[in-house]
Amino acid sequence: MRIENYHRATSLADAYNHLSLNKKNAIIGGGGWLKLSGKKIPLAIGLEGLALDAIEDDGESITIGSMTTLNQMAAHPSVAELYSNILPEAINQIMGVALRNIVTVGGTIMGKYPFSDLLTPLLLMDVTLEFYKEGHLSLSDFLNQKGRMDDILVSLKIAKKTGKGYFKKVAKTALDFAVLNVAVISNDLGYKIAIGSRPSRAKMAEEAMTYLNNTEINQETINEAAKRVSQELKFGTNHCGSAEYKASVGEVYVRRGLREVSNHED
Amino acid sequence: MKIEFTLNNALKTIEVEPDEMLLDTLHRLNLYSVRRGCDTTSCGVCTVLLDDKPVPSCSFLSVRLDNRSVTTVEGIQEDASDLADYFGSEGADQCGYCNSGIALSVHAMKQLNKPLDEETIKHYLTGHLCRCTGYQSQLKAIKAYLDGDKHV
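Taken in order, these protein sequences are the chains called A and B.
No gaps in the numbering here: position 113 of the first sequence is 190 in our numbering, and each next residue is one more.
No gaps in the numbering here: position 37 of the second sequence is 665 in our numbering, and each next residue is one more.
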């Protein structure tokens with residue numbers, strides 16, 4: 078990435094004003110993937126001086142500032158309480174400690190990275206994003222929006238709910254991007270399933286979830302739900318594996334995930 | 629752009645380009661102990677400490693260094709020398725290209741001031757690639773170093 082000028086924002090209003098000057102201007106999150114892009118940015122805007130890296134737990138929800146690093150997030154006890162530690166479980170499989178000390182949760186969300194190991198479990202939770210201009214938007218609505226959003230992500234709010242969680246990253250080596258990642262959670266409202274790195278962005282398996290949440294949970298219905306996930310979601314072929322392979326592996330790990338969160342082991 | 633930061637306990641004021649990475653700034657300052665490897669955050673050889681935490685210097689913008697503290701292996705010479713003895717004793721050193729990055733991560737572990745089990749050490753070392761040693765000898769050396777085992 079080529080950056081022609083850099084502006085250290087003094088306030089959110091200042092950052093937004095500079096962002097609005099040119100469609101090609103950009104907010105820089107952690108900057109972990111800057112080297113992977115060939116883009117030219119007239120003005121990069123840094124939020125590092127705005128103290129947007131706090132995590133607050135008010136008992137009903139956890140609010141995480143957009144400049145919070147993935148390691149800060151994974152180490153926070155309130156985050157660990159969500160669905161059997163599912164978020165730290167996903168975060169701690171993202172490359173190494175050093176990278177996670179710079180990568181921010183805001184950058185991960187705004188990038189809508191299809192390979193993200195964090196977005197897959199996060200999508201299953203009740204997550205509200207707070208933008209400087211647009212106000213509040215659910216994470217799933219944001220991820221489904223097409224194109225770039227010319228706004229500043231201030232924070233994300235995760236509703237605190239108790240339940241069980243399962244996360245599986247399928248990768249060729251420990252430090253590699255996921256061939257596929259699978260997240261399953263259960264709470265008093267039922268079951269949720271999402272698959273990411275298909276290779277496109279994480280998506281919930283809505284039809285399989287509806288089936289599962291309207292039937293008795295047993296080995297047979299778990300197997301059927303896993304099969305439906307592999308049929309419902311679209312898988313694609315990339316250098317990591319074929320669409321058939323991803324669908325097949327996805328079915329296996331959804332089945333294992335459902336067994337784990339429902340206590341229906343073999 | 630002008631930045632003011634602390635480098636190995638000394639205050640520095642320098643000019644940097646808007647897209648200059650910390651690794652390039654450190655090389656400009658003749659700190660070649662910080663290696664260039666993959667240049668895309670994957671290999672760990674460019675690791676330095678930023679406010680005492682390991683970060684990949686190849687992908688950290690230098691303009692963001694204002695009022696922050698950077699430590700390279702030159703800033704922890706005594707610790708690095710001790711660790712080198714342990715590496716030597718365990719045969720954990722071949723080409724040495726990855727050593728300075730690993731030394732800084734080990735230094736960060738040591739600063740936690742608590743006993744670390746093998747899993748935690750492995751967790752901290754994830755992201756440091758070594759093409760020579762196979763990791764086991766390094767792991768043994770680091771465990772012994774952190775435990776203060778003088779018999780190595």
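Derived from the structure by calculation, the hints contain no laboratory data.
Just so you know, not all the hints are guaranteed correct.
To be verified - For lysine-lysine, the following DSSO-like pairs were computed, each having C-alpha atoms within a straight-line distance of at most 27 Å:
#, chain 1, residue 1, chain 2, residue 2
1, A, 117, A, 101
2, A, 223, A, 210
3, A, 249, A, 210
4, A, 234, A, 223
5, B, 771, A, 112
6, B, 771, A, 117
7, A, 304, A, 237
8, A, 234, A, 117
9, A, 223, A, 249
10, A, 241, A, 311
11, B, 742, A, 112
12, A, 280, A, 249
13, A, 238, A, 280
14, B, 771, B, 742
15, B, 630, A, 101
16, B, 640, B, 771
17, A, 241, A, 304
18, B, 750, A, 249
19, A, 112, B, 768
20, B, 681, B, 742
21, B, 742, A, 116
22, A, 237, A, 311
23, A, 241, A, 100
24, B, 742, A, 249
Consistency of the hints with the structure:
no. : hint          : verdict
1   : A:117 / A:101 : holds, 8 Å
2   : A:223 / A:210 : holds, 18 Å
3   : A:249 / A:210 : violated, 41 Å
4   : A:234 / A:223 : holds, 22 Å
5   : B:771 / A:112 : violated, 34 Å
6   : B:771 / A:117 : violated, 45 Å
7   : A:304 / A:237 : violated, 30 Å
8   : A:234 / A:117 : violated, 32 Å
9   : A:223 / A:249 : violated, 30 Å
10  : A:241 / A:311 : holds, 26 Å
11  : B:742 / A:112 : violated, 35 Å
12  : A:280 / A:249 : holds, 22 Å
13  : A:238 / A:280 : holds, 21 Å
14  : B:771 / B:742 : holds, 13 Å
15  : B:630 / A:101 : holds, 24 Å
16  : B:640 / B:771 : violated, 35 Å
17  : A:241 / A:304 : holds, 21 Å
18  : B:750 / A:249 : holds, 19 Å
19  : A:112 / B:768 : violated, 34 Å
20  : B:681 / B:742 : holds, 16 Å
21  : B:742 / A:116 : violated, 44 Å
22  : A:237 / A:311 : violated, 30 Å
23  : A:241 / A:100 : violated, 42 Å
24  : B:742 / A:249 : violated, 33 Å
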